[in-house]
Amino acid sequence: MLFTSLGFYVFLAGTLAVFALLPPAFRWFWLLGASAFFYGASNPGNLAFLAGVTLVVLFTAWLLKRARTPFVRRASLAFGLSVIVGALAAFKYFDTAMQSVVGVLAADSSLRAALGGWHLPTAPAGFSFYTFAAASYLIDVARGRIAAPASAGHAAAYLAWFPKLLAGPIDRATNFLPQIAKPLSPDPGGFVLGLELIAFGLFKKAVIADNLAPLVDRVYGIPAFASPVELALSVYFFAFQIYCDFSGYTDIALGISLLFGVRLAENFRRPYLSLSVREFWGERWHISLSQWFRDYLYVPLGGSRTGRGRMYLNLMFVFVVSGLWHAGLGYGVGWTFLAWGALNGAYHCIGTAARPLWSKLEVSWPSAWNSTGVRLARVLVTFHLIAIGWVFFRARSVADALLVLKRLATRALDLPGLIWHYPFTTDHWLGIGLIALLIAVEWADEKRSIFARLASYPVAVRWAACYLLLAALAILGRWQSREFIYMQF
Amino acid sequence: MRTLLNPALRFVAIGIVLYGLLGYAAERLTLAVGHSNPIFKILAASEVNYDWVILGASHAMPLDFDGFGARLERETGHRILNLGSLGTGPLYNRFVLDVFLRKHRAGSLLYIVDAFSFRSSAWNEERFSDVKLVRGAPLDRDVASLLLRYVREDGIPAYAALDYLTLFSKINNRDRFAQDTWEGERQFDRIYRPSPAMVRKRIDYLYPEPPNRVISERYLASFEALIDAARQRGMTVTVVRMPLPPDFRRALPDESSFDAELARRLAQRGTPFHDFASALDDPRYFFDTDHLNRQGAEAFLDCCLRPILAPGRPQAVQAR
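Sequence order for the protein chains is A and B. At the far end of the first sequence sits residue 489, using the numbering used here, and the numbering has no gaps. At the far end of the second sequence sits residue 1320, using the numbering used here, and the numbering has no gaps.
If you're looking for bench data, these hints aren't it; they were derived computationally from the structure. Where hints are given, some of them may not hold.
Said to hold, decoys possible - Computed from the model, here is a short list of chain B residues facing chain A with C-beta under 10 Å:
| no. | residue |
| --- | --- |
| 1 | 1003 |
| 2 | 1022 |
| 3 | 1201 |
As the list claims (entries may be wrong) - Away from chain B, derived, C-beta distances all over 12 Å, residues of chain A:
| no. | residue |
| --- | --- |
| 4 | 78 |
| 5 | 195 |
| 6 | 263 |
| 7 | 297 |
We treat Cβ as the ideally placed atom computed from N, Cα and C, and that holds for glycine.
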């Protein structure tokens, strides 16, 4: 069931209706059942994966609770993490790795024939997300941040919570469990905000992302055939497509959770207004994943408390692992994700190395450094660095990505003239207009939340804005079941 | 939460009114740009009585491209309504015939038959929910009630009826200002250059599933029901296979056994079946892998169609 399908909203209305009729203390149990139904609706086999991860988590948490010595505690945690992360790695990479092995073997080799028949089942949508949630739960239990297990049912509900099951956010159990442990009872303000978030998320996904997608797909299908203007447009369009696709999903997930009185962690904070790559990854883009890597990988590796060389190594390692985690999300499994992770790691390292210089500039010329012009330039440079990274994320191969970047670099000076003569279609103008609208909204949101602004306006203005949004969904939305990029494993 | 109830009801009520206005505008646009949709053609038909009604999938459509339908009427001296539509099998065509027979009459039915349309629900039940077909069909009470009957009795998706009744596909139509025409009509004067790759791609598209006797049987039964419905209204029925280029014909999977079964059933019912598949063996008569171009339609009219539509009508009379 996709958040953009009619069937999902029938399911949501039914779930809400029963939820409202139940005594608050039993509502979490109903939501656990609804989550299982949601996940198993498209393929009941999905539930086996979720149940497997849940059982490993509960068993490991049980072991951790009974562990008397640090060694047993560490061993129990290592067991749980290796099963969960091992399963994630195996389901993601086994077939690709086996194909590579088979590929290098001689054509007539019997070993090749034998290995060629080895396959693992494809893991279902959302597996990357709930395994990471499961790992964070176990680490938090081991660190004593969560009583192990507070309730097996609550832990299962945390892993299975349907709004975030397929594509996050990777909400922490420390945020989720206390909410579900109390009787769930949504407040009117949260309910209205939830509906607004769902509508805004759908607008980002069905109107912006899915209207940009065909233009991007056409160019990345055979980039060698695309003109420089088409390549440039596809690079910009994809940057906004992936943002609106993923943050649209998150907005809907946050909104649905609010309808049931659950507040999930914020996952996006206007990322393309970042002043630096560090700010982009650390504070604004896929925040729940960045924090996961920070807390469960970067800090345990020593983080920035070690020497400078080790710190850069840690940073690169975290970004490369992040790239590997993204492999399989929407665009297959390939070296492109490794290149994407490494490139962003390199940005981060260079940014960190240059920080003393920026600080010196800020101290020496504070007014110039903080002027609108310089800030805008920093936003634009950061955006373009990130957009270059997205080329690797979206391209089908590293060779394709390099081809796109090389052709853009060699024709960069010709682009203004070429754009002037380019036959823009209605779809191009629609895409450009929607991106401009999004930037304007985000710019306003940066100063004060648009939802807070809306709440302060008279009812007529508030409702008019809502009707406009809904009309845009009906008139411009693409509803032909295009999956969310980030939910494809 | 109770405090939200009254404002929510007001919000929804105003929303329904606004949606209705959007729907009204979309419906007006549908009527303004309508052209090739069979339901649109029926509802916009100037006559009540016709001599011939033509049904079938896209192979029937060139007979109405770019004024060719008017020429057909002129040359045969008959009133002809061509209701062929893209990718539609017997179930959808039965629905179109039922819509037609609600308010119109015809003496004869010419069914342009294609084996592929008997092989998959993609060309039958699923066609009802194709937004391109739904959005081109103007809202009409009779069509709506028939659609609901098909949902109940023939298992077409309920959301097809929901889409039609809520006008959603019309409001959401990306090509709302463009004439509702199949792109094939714009290529009517083009000449096809044979391409094995194109033929392979086309065959893969037309035959998404391997041959399945149960599925074919279901749609043959639907086809027989269509013929019975036409006969009950006093129509004579003629079934025709259109000419196809030789490379395309050779690539058709399991065609001979289907043809034999179809011919057997039609013979049992005494329904004439004319197989013109190899009547025009030159690619210059086609604008793509399998559709007649203008030259092909003219040649087909001369060689095959005229004796069926207007038997005994001399050429001189036809020309006049």
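Hint check:
1. 1003: holds (6 Å)
2. 1022: holds (7 Å)
3. 1201: violated (15 Å)
4. 78: holds (47 Å)
5. 195: It is violated; residue 195(A) is separated from chain B by about 9 Å at its closest Cβ, not greater than 12 Å.
6. 263: Its Cβ never comes within 12 Å of chain B, the nearest being 17 Å, so this holds.
7. 297: Label holds. Min Cβ-Cβ 42 Å, cutoff 12 Å.
Checked against the numbered hints given earlier, this structure breaks hints 3, 5; the rest are met.
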